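Spelled out from the first residue to the last, the chains are:
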Amino acid sequence: MASSLLRSDRAGWGFAIPAFALIGTFIVLPFFFAFYLSLTNQRLISPNPTEFVGLDNYRSLLGVAVVTLEPERGDDGAVLRDEDGNIEYPSLRSVTRNDDTPQYRGMREWFRWSSGDDARVVIARDVVFMKALVNTFTFVLVVAPCQAALALGLALLINQRLRGINVFRGIYFMPVVVSIVVVSLLWRFIYDGQDGLLNNLLSGLTFGLFQPVDWLGNPSTALGSIIVMSIWQAVGFHMVIWLAGLQTISPTLYEAADIEGATKWQRFRFVTWPGLRNTAVLILIVITMQCFALFAQIDVMTKGGPLDSTQTLVFQAVERGYGKQDISGGSTISVLLFLIVLCISLIQRWLTRERT
Amino acid sequence: MNIRLTAFATTALGAIWGAQAFAQTELTMWYHGAGNPEESAVLDQIVEEFNASQSDWSVVVQSFPAGAYNDTVIAGALAGNLPDIIDVDGPVMPSWAWAGYIQPLEIDQGTIENFLPTAIGRWKDDIYSVGLWEAAVAMVTRRSVLEKYDIRIPTLAEPWTRDELDAALEAIKEGGEFDYPLDLGMAWSADEWYPYAFAPFLQSFGGDLIDRSTYLEADGVLNGDAGIEFGEWWQSLFDRELVPGTSQDPADRDSGLIDGKYAMSWNGNWAAANAVEAFGDDVLFLPAPDFGNGPKIGAASWQFAVSASSDHPEGANQFIEFMLQDRWQVAFSNAQAVIPATSSAAAESELYAEGAPMAVFYDLSKEQALLRPVTPGYPVMAKIFRKALADIASGADVADTLDAAADEIDADIEANSGYGN
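In order, the protein sequences belong to chains X and V.
Residue 120 in this note's numbering sits at position 120 of the first sequence, with consecutive numbering throughout.
Residue 132 in this note's numbering sits at position 132 of the second sequence, with consecutive numbering throughout.
So here's chain V without its partners, still in its complex pose (with noise of 0.2 Å):
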């Protein structure tokens, strides 16, 4: 009698359970973070802490590396299989939109007053992304390098000018000391480095990839005056020998700074770490040099979106606006070294608080952030721009090639219809 009772009530009490989790709907959610055991810990816990904070939602989380998120997101839209949620990279967003891969957010615009601007994906007068960190690259030296060689420090309120620079590059490589006195990272040359970390260069030239005026044309801009004083200088830097070529060893672009193979270093702030580590107090972030038009350097990381085929927006949106908030900024920002998308974050965080080692990063994203053109186009333009850029540095003529990239950029807006602009 006394067992049948407990195993009735334990089967009711199972029930119960089971209902209770029934009730809640159940998103899914893609993020390409996989392989990465510090970050998939956050997004876990915020993840349960979701699930349990309400009753009518569950978010299930589908990892996958980032070197094939990209094209994983892709399959699955031709297949017509997309989960609620997923996240994106800032310069694609504009192209999954047009596509029609994810829908605008409905968030409360109240929380994300705060936010850098360029954590905030918008397109067409519509958000359809938001991130809870932002990236930004600087110069990464050493104060006993500059003082050695009697170079100016410079300051976000006056960074150095091109002159400057190129001085300063002279200066270090006629002391002999180092392999090359700057490092641009010529060895990532598969992702987005290029064009995320070079372009803002030319932007500072005053060229740009399109003219942002209309996202029709790059005719006579990115080939223009500006474009092409732009690519002398580029090509400039491989002939004088300041900096390595495309055939670096991605090792030495890993360590050569630390190695003391360069004297600089124009890295992310994923890097920065350990540059710290190595240098201590000797580790200098520097601003982007102003070549004219303003310092400038890339902005937009990964943002979270709503797939336009979600079955439960509301839910989604719901999910992303947990995600907003200061504490899950803070606790992936220590988790995986990215700045925080706010003010309030970054003062929490233990490496972009005031004082702390890595605090200017904050300050360069507010200051010298450009996004990436906001079109669908970006994707294709930024492969064109990489091989341009790549060919300059190989010693092609530089008027021809921007020509042909401009050409070529134009070609394909014109066979995508104008992407939507």
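Here chain X stands alone, though its shape is the one from the complex (with noise of 0.2 Å):
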């Protein structure tokens, strides 16, 4: 079968053989480049050989472990309490620094919950990682909706016969070609705390009811910041795919459903939406994939910062590999968001799979 495969269509391999050639070389060939470095200690810089570590660096990264912390009791045995009432537990450092527990050494609160007047506290020996991990997902989730339904929206709108839509489409196409890394600056001063325009804006339209928001600068708004401008930036991409879909769907149906009877709600329904099936998977995965590869935005807003609330996967593996000079943590990081890009992405083909 394969031989009258290659026979059959030899100029279609011909096309296809240079794609396939810098695809092996800068894609394929580097992913196993990264397997085999993250089961070293290769470093950036060093005169030492690298040596063989087998799976210490998925271990630094991915171990986890719970530690209960008993509350403080007076002499009396009584629960010690603060001010404000909350109950009073030693330190983590009486459990992470101990001589008697050296196998919780070096790890850190992720976070913790009470169960009775206990106090469980997960603690992970990388929690950036975690915490990076924790974010990309958040970002994922709220992003791939959201920037598909809008985007979709958006293709709705400009799919009209206006005079000067390609006006409007140039608009919403545009933060796709600037630059990212410009659009970041941009924002940037937009979130500005103080006198940044969102703040103006807010404070313009409440008649200063406003109280300025360090959008950046505060752990519980700076991924969200971030959400809401990345949804912004690339929308206009995802729009023009979605274009090309409704496009693609014969007008004849559209007249069919018009002689039914059918209304704007079931001409989508019934007609748009069957028709935009395969755009819509396509949509779906490319926005995950980008959305997991959440970079440049980090590096010129925030650097993951404040206390972690924008960390990243992919900036987590360039901040190790380049900036921390280990090039076998990096790359395990890679591995691991290979890895998880790769089930999702099956997940999704499986469920969106052609029933028949």
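If you're looking for bench data, these hints aren't it; they were derived computationally from the structure.
Owing to the predicted nature of the structure, the values given are computational and were not obtained by experimental measurement.
Each statement offered as a hint is correct.
Computed beta-carbon distance windows for the label pairs:
no.: 1; chain 1: V; residue 1: 214; chain 2: X; residue 2: 24; range: 47 to 53 Å
no.: 2; chain 1: X; residue 1: 24; chain 2: V; residue 2: 240; range: 56 to 62 Å
no.: 3; chain 1: V; residue 1: 38; chain 2: X; residue 2: 16; range: 50 to 56 Å
no.: 4; chain 1: X; residue 1: 224; chain 2: V; residue 2: 240; range: 25 to 31 Å
no.: 5; chain 1: X; residue 1: 156; chain 2: V; residue 2: 190; range: 38 to 44 Å
no.: 6; chain 1: X; residue 1: 205; chain 2: V; residue 2: 280; range: 39 to 45 Å
Glycine included, each C-beta is placed from N, C-alpha and C at the ideal position.
Put the two chains together into one complex, using the hints given.
As structure tokens, then:
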């Protein structure tokens, strides 16, 4: 079978080979190289020979444990409380820097919850990586549906025969063409905590009632700010893909729907949406992959701060590989990221498969 | 006949000139100053004079933008493609020496006798690099502001104490005239600024990034009592809203002092000319405060070194020795406001001569400068410390953050088998 495939389609293979060669050289090969490096202690700058360390890099990234902290008790055995009535616990230092519990040494608190009077603390070997993982997933889960929906909305709006519609298409597409670094720098001014555009706008609209928010300097707003800006920046790109999908739908279907007396919603639900099926799958996968690669906005706007609230996987991979000169650590994150994206893409393919 | 003779003569002359040019062996040099015409002009002039002054060597300079320079050198080294002469940022020098990128200099000790000690890159008993200039930071402010709030003007001999600094900041804050009393430059989060500018505070508290007697352990030093005391104070600056935080607008960092948003700014000599221009005689460059263990500021700027793979180290050394003359230090200082490395050059420079507006910076470099930890592990250590400072500024628990930073530094040292220490 394979030989007949080769013979019958020589021209096809001829066209495909340059792309295969480039993808093989610059994507597939580096991936295997990264996988190999993740099993070593390769550094960026070092005269020491590279050693094989097995799964150590994965262990130091993924190590997690739960410890229980008992509340501080007074001499009478009663639980001590601070002024606000919160139970006082010993510092986590008493566990992570204690010679009796060497297995926890170097681990840090990720999060905690109370169970009765005790506090259960989840400690991780690499809290920054864990936070990056959570932030990246949050980013994907918010951006993928919002951006896809917004892009579809815009595509429907500009898929009309109106005078000057190309001007709107151009405007919506503009942020995609501008370099993401430039866009990030501009949004850094917009989000400025004191006299940024956004704060001025909001305080103008509310006649001065609105108190300025330090959008990028506050751990609870920083990631949200970057999400909003990222959705706005790339929405035009997906709008164009949706638009291409919309224009493949035959006008005769709409005519037939009109003759049947379909409402606007029915036209969308039973003609447009089924016609966009393949486009939807493509857009979902593309947005998911792009979201997992979140880097430039973080690098320019927050460097992962404040308090790791905007750490992401790719930012950490670069920070480790080049900033901290730990090529093996950076490679390990890249391999994990690849596995995550692969799994999610496979699940998405399976969920959106053609059902017969 | 005549024509033919002239043609022959021209060819012969050309051949002689060509031979002379060929007799000079080419030395390549990489420099970080692309995009800065004044700086490049000085370097070009040095190269031109050097090439004309002797017949053995001909230096060719290739400049890179500062932001991409270190990556370029690392990539060049990995590809086995380094030039003969490179320049290296002072704190990075031990890392490159350890990795075998550069070799010890062989220059006449007499030529560097009069140099500021921090302009000389020593690692493990060898000199690997020498700088023609230094950089220093100072508390930039106005005499009129301090007088208005009745704040003592500190001197090199008697700098502010921690209490005096805190009281001064509180008093200015209470005045309500400025957005913040002090601008530390938190907007400059990308580069070396945090460890360069703020680690000296920690060192003045009595802590450090690492135990300098062995360069093997940060635990107990960075997160020791002095370290935690520093951390608490550092965090309190932000809690009390005395300084802008990590989200500071970079434009405010550049012009906030002059625009009257801040009363004081912790900034380097490279930015001092603007302040002199804006405030004239009113400007003050004050020494670092003393937090208990003497006032300290960071040290070591860009320096010149010979690459380990150079085929002609003797030529490269000769060129570096040629560069070290006072007149080139003066030229660089006048062109880009850097502090000359010798007192004699400082005396001749426009900005740092006695009585000149920025002369105090030379004294700061001489009196307060403390090198960043001289170990190949420094670049990684600096990254870790940078993040700890940013986290503490944003409200992270001080002891936990410093513990984690010390652990991370120690783990990195172990992963690198002690960095040759």
